[in-house]
Structures are given as structure tokens and as C-alpha cells.
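Student: Protein chains in written order, with my numbering: chain A, 1 to 298; chain B, 1 to 256; chain C, 1 to 311.
Source of the hints: derived by calculation from the structure; they are not laboratory data.
Owing to the predicted nature of the structure, the values given are computational and were not obtained by experimental measurement.
Some but not every residue of chain C turned toward chain A, in silico, with C-beta under 8 angstroms:
#1 Met113
#2 Ala117
#3 Ile121
#4 Val127
Simulated pairs of lysine to aspartate or glutamate, EDC-like, Cα-Cα distance not exceeding 20 angstroms:
#5 Lys174(A) to Glu184(A)
#6 Lys97(A) to Glu184(A)
#7 Lys179(B) to Asp203(B)
#8 Lys128(C) to Glu270(A)
#9 Lys33(A) to Asp108(C)
#10 Lys287(A) to Asp108(C)
#11 Lys179(B) to Glu129(B)
#12 Lys33(A) to Glu98(A)
#13 Lys287(A) to Glu98(A)
#14 Lys105(C) to Glu75(B)
#15 Lys179(B) to Glu205(B)
#16 Lys97(A) to Asp92(B)
#17 Lys287(A) to Asp182(A)
#18 Lys191(B) to Asp125(B)
#19 Lys128(C) to Glu268(A)
#20 Lys97(A) to Asp108(C)
#21 Lys265(A) to Asp142(A)
#22 Lys118(A) to Glu276(C)
#23 Lys33(A) to Glu99(A)
#24 Lys26(C) to Glu152(C)
#25 Lys105(C) to Glu99(A)
#26 Lys75(C) to Glu131(C)
#27 Lys265(A) to Asp10(A)
#28 Lys128(C) to Glu228(A)
#29 Lys287(A) to Glu99(A)
#30 Lys97(A) to Asp182(A)
#31 Lys179(B) to Glu146(B)
#32 Lys128(C) to Glu235(C)
#33 Lys118(A) to Glu228(A)
#34 Lys26(C) to Glu276(C)
Note that beta-carbon positions come from the ideal geometry of N, C-alpha and C, so glycine has one too.
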Amino acid sequence: MNQIAAILIDGIIYSSWLFVIAVGLTLIYGVMKILNVAHGSLYALGAYAATAFGGYWIAQGHPPLGSYGMLVVAAVAVGLTAGPLIERGLLRLVYGKEEVVLVLVTYAVFLILEDLTKLAFGVDPLSIPQPYGLLGSIEVGDLIYPTYSLVVVLLSVVVGIGLAMTLNRTRHGKILQAVIHDREMAAATGINVSRVYLVTFTIGTALAALGGALTAPTISVQPGIAAEVIVLAFAVVVIGGLGSLGGAALGAVIVGMVRAWAVHKWPEVELFSVYAVMAAVLVMRPKGLFAVPEARKI
Amino acid sequence: MSVILEARRLNKSFGAVTAAADISVGVQRDSVVGLIGSNGAGKTTFLNMVTGYLAPTSGSIHYGDRDITGMAPREITRLGICRSFQIPQLFDNLSVRENLRVGVGIAARCARAGGHTPGEAGEIDTFIERFNLGGYRDQLAGLLPEGVRKLLDIAMAVAGHPNLLLLDEPTSGVSADEKFRLMDMVMGALKAQGVTVLFVEHDMEIVARYTQRILAFYEGRIIADGEAQAVLRDADVRRHVIGEELHPGRAEAAGG
Amino acid sequence: MPRDRTTRILLGALLVLLGAGPFLPKWAMFMLNVSLSWGTVVLGMMLLMRTGLVSFGQGLYYCLGAYAAGVSYAKLGIGDIAVMLLASTAVTVAVSAVLGLLLAKYRDIFFAMLSLAFSMILFGLLVKTSELGSTDGFGLSVASVAGVPLAEGWDRYAVFASAVVVAFGAALGMQRYLDSHTGRLAGAIRDNELRVEYMGASVRRVIHLNYVISAVLAGLGGGLVGITIGHVDPEMAFWTTSGEFVFIAILSGTGNVLAPFLGATIFETVRSFAYEYSPNTWQLVLGITMLLVIVFLPGGLWSVFTRRRTP
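The following block holds chain A by itself, in its conformation from the complex:
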């Protein structure tokens, strides 16, 4: 009984983390039809930025709780700088090329950012343990969890609901949906698709960075985290269906639960379980579970 609870809670925590990381990726794909390999690099940048900002905040003697706010600030900072830079500076040049070519472009960006990050932040592992342990821990029966994890879960829910409401209730959201469904038609009705792309990519970048920022206090931030995360994000997004917000949530839950189960019950397959699920889903539903339907153009 205890083990089931442990698996469930671990699953929820991991799923929340995965959701925040993956949702930006699926958003960018949905709107711009680009599978952004550099998403992992932006996650890493967010982690590094969080370490830098958070570390600075605490070093300046400000109240440690504020360092949580710094995490978000770091994410937004990365989003607002890296996002437009990449979108305007590079992606503009290659819009219209085939999907696979765009993936390769973002793969090149990933390579470039790997080294730029190393140059900016060095190769030594960095860490910012402070905000993590700050809130102490909570007990669920016999199990003890850091309260920080609860923060992550709550934040992911906020992000999810916020995005869903923005997409469905606001005018901007409707515009985004229009572009997702048919870019040409959206442009024909006067929507500034170019600006939508910029905004979407910036938001997606900020979300990736947020994922990294939230993770920063729990790991040692070092080169290589980008490469590990990107494949996880791919798995989540592909399982859920590229471009689907609900799909990202479902994919995150599935991957999170499977991994939690594997960690507890069958550790040997932990690493490959995620990809096995991804392969299994693709076999049954070639476009993922909630893929955005494409009209056939005859």
C-alpha cells in the first residue's frame, strides 16, 4: 500500500516537472510546426540563469525566500532575451523549409548553445541549494517529501491552467489557435502571423527556462543536462501528440507514472521505459494520442 502511494506521489512530482518542461515544446510545434531541439539548451540556460540570479540574491543578503522569485525572474529573463534573438535572428531565415530541415536548424542551435553556455558559465558544476531546503519537508504517512516538490507541482498546475485559459478564453489565445489550425487562413484574415510566431517562441523559451530554473536547486547544473532533457521532452510531447496542450499534460502523466513505477519496481528498465512507452504509443497511434488533426489537402 505504501509503495503504491510512493509511486503515485513520485509520479505526480515527476509528471509536473515534465509538464513544465514539455509544454513549451509542444506549444512551439503547434504554432510554428518546428520541433525545437534547442529546447533542452534553453532549459539549461534557465537552470544556469537561476543559479546565477538566485546565488546573487542570496549573496546580497536578501531574504532567502525571495530567491524563489528569482527563479521565475531568471526564466523570464532567458525567455525575453534568447527567445527573440533566436526567432528573429535565425528562424526567420528558414521558415518555409521542410519540417525536417527546421529540426536540423534547431539541432545546430542546440550545438551552438551547448558551447556558448560553457563559455558563459564555465564547465564546473554549479549549484544553488538554498531555496530547496528552505521550506522544509512534509509528511505523507510514512513518506517524507521536500515541500519544494509541492511548489513544483502547484506551479505546473498553475502553468497548465493558465495556458489553457489563455488559449480558450482570451482573444490572444484564439488567435494562437487560429494559427495552429491553419496558418495561411489566419494570415488571410489579417492576423500578424509573424508577431504570433515571435510571441509564441518567446513564451515557449521562457517555459523551457522555467523548467530549468525550477530544477536548478535540486541538481548540480552542468554541461550535458540539455542533451538529457531534450529527449525526455520529445518523448512526452510525441506521446501526447505534437501541438496539443492536453496531450503534453497526458504525456507528462504517462511518462511520469511509468518512470516512477520503474524506479520502484524494476529499476533496470527505468531509463529505457520512457522510450519504450514512446515507441509503444507511436505504434498504436502514429501521430500521438491527441495529435492536432490535419486536413488532407487534395
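Here the structure of chain A is known, so what remains is to put chains B and C in place on it, guided by the hints.
Tutor: The following block gives chains B and C in isolation, referenced to the frame of chain A:
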């Protein structure tokens, strides 16, 4: 005269849309049949069902004495049914010659697998000549003028040595003065082989000139079936397909 | 004397390399081994790209080939190069024949993602398999080739010669294949699958065949690298390895069977020197080069990426 193709009570619906309703028709060997009807009337749906692109909701299709309902396009082609497309389906990055080379190569190997008559060496050049593609021999298919693309598309279909040839709007997208030249060429090329031809057309002059029999479609049904001139004069066909003429005198001239 | 230039170049290269082999310095021989092996892998990718597919998971077969050679040594006590490479071939044929049935149904991003998934599955499996050394992998060495024991000091040349012969055979074979009817179908499928089916040929069958061929080439490359380095590890199946193969494939273009080897040599050379002088910027260089090629040299890319499928 035997029946080479027979459709029995074909139905096709996409959800609430009925694309084909109770279509039953038999096509005689070696005949030339025109399919007319406004957009959405069901002509292309019929073609698509015969060639395996779509499976009918109900009913059956027979080729000779064989039931080909729901068979894959590849298998149907191997039995001797070839088609051309409304939008030419070519290998854009290959030259005209290379396109035909692939086509003839596939057809030759199908023959070995038990299909129709095998191709001979030099066939590629024969087709290029017959369809007057000599001037475009080494040009990439993607860069050809539309009329030539259509010709090549039809040539590819003919390269499959079909017994039954289906042409989907062979002259659409072709300029008015080119239309007759194209059809003359195609029909001339086919005369050498005994081929049954069905083609979908919107241009009534073309249909009148080249077909012996016309099937008129409307809302998924065949509303007229008979000798070409008679069908073109049919009141229902006038109403739903050709359109009423404001000047009846001119209408007689066009139909005659 | 064969008539076409490519075959003549291949033959010439074969003779020159085999002849010059014994006189090459160690580092040169090593780099050539790796270049030829990677070139073989990319040759397989080239075939897939000509068929209109980009695989982000060739690392799966590259790694399988390497481990097949390694396991032959470590678990079966075999030290024969030829037998090891045969093992690589057998394993990759078996796995790709099965996986190919599934993968032949996918295109574009999903083909890329699914192939990536399978390579990561292998990675995960190997990392957790302690019998195979987990993340450390394990070592292997060779003592004979095709039954002939290697004399003292000739083992390195034997490995080199094997790489040269395999690369030559692969390139020549590929050239002949691409010139055959089935080989020509690859480009046709890339351009218009619908038309291929409507002429009566099976698209799936050709894609499956080409997938298996590319897998075998990747496996041979992996086996050769494993033998050259004397070591195999799970990193060979990590997606970034596959990414490097993709990069070389883009750089090389799909125009000629010599291209992958040229591209691999350039890549290997640049990487070795860049890594030595500035280990923190070689990926930067790679990324920028890739972008330049994509944006300014679509001539190398266009034949891969101007596909048209079902309308």
C-alpha cells in the same frame, strides 16, 4: 463485346456526405467512355474506388471476372488498370526520360509477377516519341509546362500497359488551343494497343469529340448513361451538369 | 578499366590506401579508420535520405554492431576481425528486419522520432546491463582476420585494411545498387510515393529493404570503430551520436557514394583538431557550419528535402 469493368450498387459516404449512391454500370471492352458532372458529383470518387484509392462503403467492383473491391492500388495496377491524375503525379526531381524509365521498369517487373504484357527495351523512347516529349527529354519534370506535365502523367499511365485506362480530367489546366492536340496525341498513342478508356472531363467539346458513351453524374448518382450526343442533349444533364443555354440556337450548334 | 569516374576513384583509393598503409603514422591510421567507418555509416544514411527519410537513430545499429563485435570477443572468445564483422552484420540484419516492418510505415518527423526512441531504448538497456559494463562499456582486441593469425605488429594494419576493404565494398556496392532499378526507386519514392504505388510497385518493400541496408552499414561501421578503438560503450547509442551522423550526412550531400567518406574525413579531422585546441568551441563550430550549409548550400540538401508525397 464483353464487359471489362462492372460496378454493382456502389455506395460511398463520408459521414453525412454521400459521394456515391447506388452506382451500377458496366463498361464494354475497347470502348471510350466520358464521365461528366459538376464538382462534387461523384466522378472522381468513382475513379478512386475503381483504382483502389478509396474503399466503397458498400457494393462491389468487378474487373473481368475478378472482384477488385477494396484491393490496394498497387494490386489493381498489376491487374491492368492504370490511371492519370487531375494534378499530375510525377517525379519532379527526375527528368522526363528518368520518369518513364522508372515507370517502364516497374511495369516490366510487374509483368514478371504475373500482370500484363511485358515491356521491351527501347520502350522509353517509344513513349517519348508517341507523346511528343522529345523536346523535353532531359528536363526535370518539376520544371515542365503544365500541358507537358499532363502529357507525361498520361504517358506514365500508358507505360503500365493497361487494359483499362482511367484519365482524370486530362485537359484541365491545359490551355484551350492545346487541348485538342493533347487528346489527339493520347488517343492516337492508344490506338496501337487495345485499351478501354474512361475519362473524367469538364470540357464538353472534348467529351463530345472523343467519346462514344457518356455517364453523367449528379449528387453521387448516374443521371444519364448512353450515346454521347443523346446524353449531352438530355434535359436533366442540361439542368445539372452543362447548364441551360440562354440561346437555344447556339446550344444546338454546340451539342451537334 | 571501369568506365565511370567514381569506380575508378574507388579502385584507386583502395590501392593507394592498402599500399600506403604500412607506412602511415599511428595517428593517421587511426583517424582514417574512424573516417572510413563513419563514412560507411553515413553511406547508409545517404541511402535513407535518398529515399526521403532522415533517421535520428542510426546510433542503434552503430552501437549494436560495435557490441556484437565486442561480445564476440568478451563472451565468445573470438578475436577474428572477419567473424566479428559477420556478427555485426547478423545482429543488425536481424534487428532491422523486424524494426523495419514497423518503421517503414512512418515518415518525416515521426520516422525520425521513432528511430531516435529505439536508439535510446538500447542506450537505456546497455546502461543498466552490468554484465556489459554499464556506462563504462568494455574492451576488445583482435588476433586474427579470416582465420589468419596476425603477426606481431601487423594487427593495426589488419584493422586498417579491413576498414578500407569494407568501405570500398560498401561504396561500390551502393553505387551499383543505386544504378539498379530498385535503387532508382528510392528517389522516385522520395519524390512521389503515390505514383510509385500506382505504377504497381510496393513503397513499403523498398523502404524496408533500404532501411535494412542502412542498418547493416551502420553496424559494420560500429564494429570497425569498436575494433579500432578497442572499446565499446553505450554512448554509441545516445542520440547525440546519431546527431553527428546526421550532421555529416548533411555536410556531404547525397550526390555521390564518395561524398559520405569525404564528409566523414573532414568531420573527423576538424573535430580532432578543434577538440584538441579548443574543447569548448568545437560544437559551436559544428553548429555554425551546419547552419551555413543549410542556409547557403541547399544544393547539397535540396535533393533530400524536396519531397512530395500523397497529395
